[in-house]
Amino acid sequence: MNIHITNGRLIDPANRLDAQGDLFIADGKIVGVAHAPDGFTAARTIDASGLVVAPGLIDLAARLREPGFEYKATLESEMDAAMAGGITSLAIPPDTDPVLDEPGLVEMLCYRAKKLNRAHVYPVGALTIGLKGEQLSEMAELVEAGCVAFSQANVPILDTRVLSRAMLYASTFGFRVWLQPLDPYLSRGGVAHEGEVASRLGLPGIPASAEVVALFTYLRLARQTGARLHITRISCAESLDLIGRAREDGVDVTCDVAAHHLHLCDMDIGYFNPHCHVVPPLRSQRDRIALSKAVADGRINAICSDHTPVDDDAKQAPFSESEPGTTGLELLLPLTLKWAAEHRLPLLEALARITSDAAKIAGIAKGGHLSVGARADICIFDPDAHQLIDRSMLKSQGKNTPFLGLELPGKVRYTLVEGTLMYVSPP
Amino acid sequence: MRNPQLNKHGELQHLLTLDGLPRDIITQILDNATPFTEMAEREVKKLPLLRGKSVFNLFFENSTRTRTTFEIAAKRLSADVINLNVSTSSTKKGETLLDTVDNLCAMQADMFVVRHESSGAPHLIAQHLQNTGRDHIHVVNAGDGRHAHPTQGLLDMYTIRHFKKDFHNLTVAIVGDVLHSRVARSQIAALTTLGVPEVRVIAPKTLIPTDVERMGVHYCATMQEGLKDVDVVMMLRLQNERMNGALLPSPQEFFKVWGLTADKLALARPDAIVMHPGPMNRGVEIDSAVADGNQAVILPQVTFGIAVRMAVMSMLGSH
Numbered sequence: 001m002n003i004h005i006t007n008g009r010l011i012d013p014a015n016r017l018d019a020q021g022d023l024f025i026a027d028g029k030i031v032g033v034a035h036a037p038d039g040f041t042a043a044r045t046i047d048a049s050g051l052v053v054a055p056g057l058i059d060l061a062a063r064l065r066e067p068g069f070e071y072k073a074t075l076e077s078e079m080d081a082a083m084a085g086g087i088t089s090l091a092i093p094p095d096t097d098p099v100l101d102e103p104g105l106v107e108m109l110c111y112r113a114k115k116l117n118r119a120h121v122y123p124v125g126a127l128t129i130g131l132k133g134e135q136l137s138e139m140a141e142l143v144e145a146g147c148v149a150f151s152q153a154n155v156p157i158l159d160t161r162v163l164s165r166a167m168l169y170a171s172t173f174g175f176r177v178w179l180q181p182l183d184p185y186l187s188r189g190g191v192a193h194e195g196e197v198a199s200r201l202g203l204p205g206i207p208a209s210a211e212v213v214a215l216f217t218y219l220r221l222a223r224q225t226g227a228r229l230h231i232t233r234i235s236c237a238e239s240l241d242l243i244g245r246a247r248e249d250g251v252d253v254t255c256d257v258a259a260h261h262l263h264l265c266d267m268d269i270g271y272f273n274p275h276c277h278v279v280p281p282l283r284s285q286r287d288r289i290a291l292s293k294a295v296a297d298g299r300i301n302a303i304c305s306d307h308t309p310v311d312d313d314a315k316q317a318p319f320s321e322s323e324p325g326t327t328g329l330e331l332l333l334p335l336t337l338k339w340a341a342e343h344r345l346p347l348l349e350a351l352a353r354i355t356s357d358a359a360k361i362a363g364i365a366k367g368g369h370l371s372v373g374a375r376a377d378i379c380i381f382d383p384d385a386h387q388l389i390d391r392s393m394l395k396s397q398g399k400n401t402p403f404l405g406l407e408l409p410g411k412v413r414y415t416l417v418e419g420t421l422m423y424v425s426p427p
Numbered sequence: 001m002r003n004p005q006l007n008k009h010g011e012l013q014h015l016l017t018l019d020g021l022p023r024d025i026i027t028q029i030l031d032n033a034t035p036f037t038e039m040a041e042r043e044v045k046k047l048p049l050l051r052g053k054s055v056f057n058l059f060f061e062n063s064t065r066t067r068t069t070f071e072i073a074a075k076r077l078s079a080d081v082i083n084l085n086v087s088t089s090s091t092k093k094g095e096t097l098l099d100t101v102d103n104l105c106a107m108q109a110d111m112f113v114v115r116h117e118s119s120g121a122p123h124l125i126a127q128h129l130q131n132t133g134r135d136h137i138h139v140v141n142a143g144d145g146r147h148a149h150p151t152q153g154l155l156d157m158y159t160i161r162h163f164k165k166d167f168h169n170l171t172v173a174i175v176g177d178v179l180h181s182r183v184a185r186s187q188i189a190a191l192t193t194l195g196v197p198e199v200r201v202i203a204p205k206t207l208i209p210t211d212v213e214r215m216g217v218h219y220c221a222t223m224q225e226g227l228k229d230v231d232v233v234m235m236l237r238l239q240n241e242r243m244n245g246a247l248l249p250s251p252q253e254f255f256k257v258w259g260l261t262a263d264k265l266a267l268a269r270p271d272a273i274v275m276h277p278g279p280m281n282r283g284v285e286i287d288s289a290v291a292d293g294n295q296a297v298i299l300p301q302v303t304f305g306i307a308v309r310m311a312v313m314s315m316l317g318s319h
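Order-wise, the sequence lines are chains A and B. Per my numbering: the first sequence = residues 1 to 427. Per my numbering: the second sequence = residues 1 to 319.
Among these hints, one or two may not hold up.
Computed beta-carbon distance windows for the label pairs [what the hints assert, rightly or not]:
1. B:20 <-> A:158: 35 to 43 Å
2. A:298 <-> B:2: 39 to 47 Å
3. B:134 <-> A:390: 18 to 26 Å
No wet-lab data here; the hints were simulated from the structure. Computed from a predicted model, the values in this text were never measured in an experiment. Using N, Cα and C, we set each Cβ at its ideal position, and we do this for glycine too.
Produce the complete structure using the sequences and hints provided.
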């Protein structure tokens, strides 16, 4: 169907475009920016007056919980949440059950996702079989099946020689290795940032050194193996210095941060709020401010939701027994806009972190921009509208977020995937 | 965020922690406990303040002493007491903590006395009661994880006030495993709230929480430094499983450096008192000569514990 999006403010970070203009879509692709191609007739016109027309958002970490944890969420429920959040591409961590370490499983996931015909799914394969850190996965085969990178999710490799070889093997093909920096011993048993708050509440701590020690190892091995490294969900200010130095040394390294880490710190745990139990933990206010600045100046390349739907039973437990994680697909845009407003950052720059910059990390060429010929994945949102975050507005099966009860900026009005209108907000 | 321990009139709704509990309320509890200590010496030790009320001792972690003192306190207030050792029943069958609470609420509970191995469990229960509109049910924290043991902290304050009269000119040392101790956290909160000018913690650094100074205490590595001229020595229990490993090399070394002996106690003021929450490890954290010596007030602590718990429960039951 030919669609004409009219009167919108086009913001396309990849092409440094921020201008009032129209967008023309045909056959699932963008066929015209500002000017209609010859002979274009629209079957449908979307009036985007007062709205921003941006590339569909790209989320570098969304757990859809399939296969294995369907009682927490399903592809259907989480795809609906992605659409409501304006997210059209999702990178999926491999910590499903079974783990995404076999080409057949990855193909099945891609097939299921394609059949649902909503957001595009980009699985991140397991770096080692079963995430056990012992045997390499069939990376070449997994890429053929649809994987875009390899990771250990939140399961660190204990044996540094295996890690080194996995990175070396991946670098043979130029595959990117995504690693979560967390030393398994320093973080063992911990549930909150080691500092004043955890000390007062009597919660076992995870010191900043747990992140920094692991990160140092990864960066050093990346330099040695030539692996392309992506560091996921950094949480400490000190990590920024290490990454900066590695970049000066020529290490090919990018990094991302979870949206909630830009807004919350350990003090938000308050009286043991289990919604603030996340991995990596909410760090100090000083860390939060440093991360927030680093995203603004581009030292942190992307913001992701780290979407982890958790069922109520698993959350309604004493803090350390509650399952970590927060639901985030529908909060990625609002939290990014709130962060951008705090830094008075132009929307063009802010949206880059959840579109074009994220696309580069995940190796997504067809999406994340509004060029003629690109896949017509579009997010149309009202940047000035605020909405109350409550359980009933969340489409995700996971209602677990520390932002419940808060008003956040940005409301997605339309989401298009490959030129098909997949979501229209209720009036 | 409203203090979850207080109702909308600022009265005590639950007793969850001493951290953030207003000084007036702490003082009021101590004041209210005084007549109960006198009552304990009477022939008839019962008062009808909680007559007809059901107190559930909900212990997810084993305890004999604390549970018994709560039971005695509740019975002296004429409450019906039901003891539940949940560690051996429902949770083993997969029931969640809040399911257990809901079931007991359906049995017309008026008060829960909760001990749990996880920090924050009593807060979770209190929050759940509030969310479900059951404001008439009260929660008393009888020890949660490493977080708080408020009635222990209160009975310790009662003991100090009994022997020292005033808090404003005292130097107090807390000795031992502060890191894993809910007792120490409650003591620190109470001492700093009541205006004790100097609180010291003495232990190897492996047993001290990060940023402990932010709690308003001074860290001292040695007993020689830390016990000098103190008025009160509060010993902590060292759990068996922490005696050998990566936190401490051996109980022998611990005793040598941090065990309270008569020699080390001589550094304190001559009228200093020695406290211990029990149960004691003689020869590990405290020498028998000190534990049984005339400066020890360890048994009065136990007696006062009942009066303080009666004070807390009667205050909660009165509104």
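Consistency of the hints with the structure:
{"no.": "1", "hint": "B:20 <-> A:158: 35 to 43 Å", "verdict": "holds (41 Å)"}
{"no.": "2", "hint": "A:298 <-> B:2: 39 to 47 Å", "verdict": "holds (41 Å)"}
{"no.": "3", "hint": "B:134 <-> A:390: 18 to 26 Å", "verdict": "holds (23 Å)"}
Consistency with the previously given hints is maintained throughout, with no hint failing.
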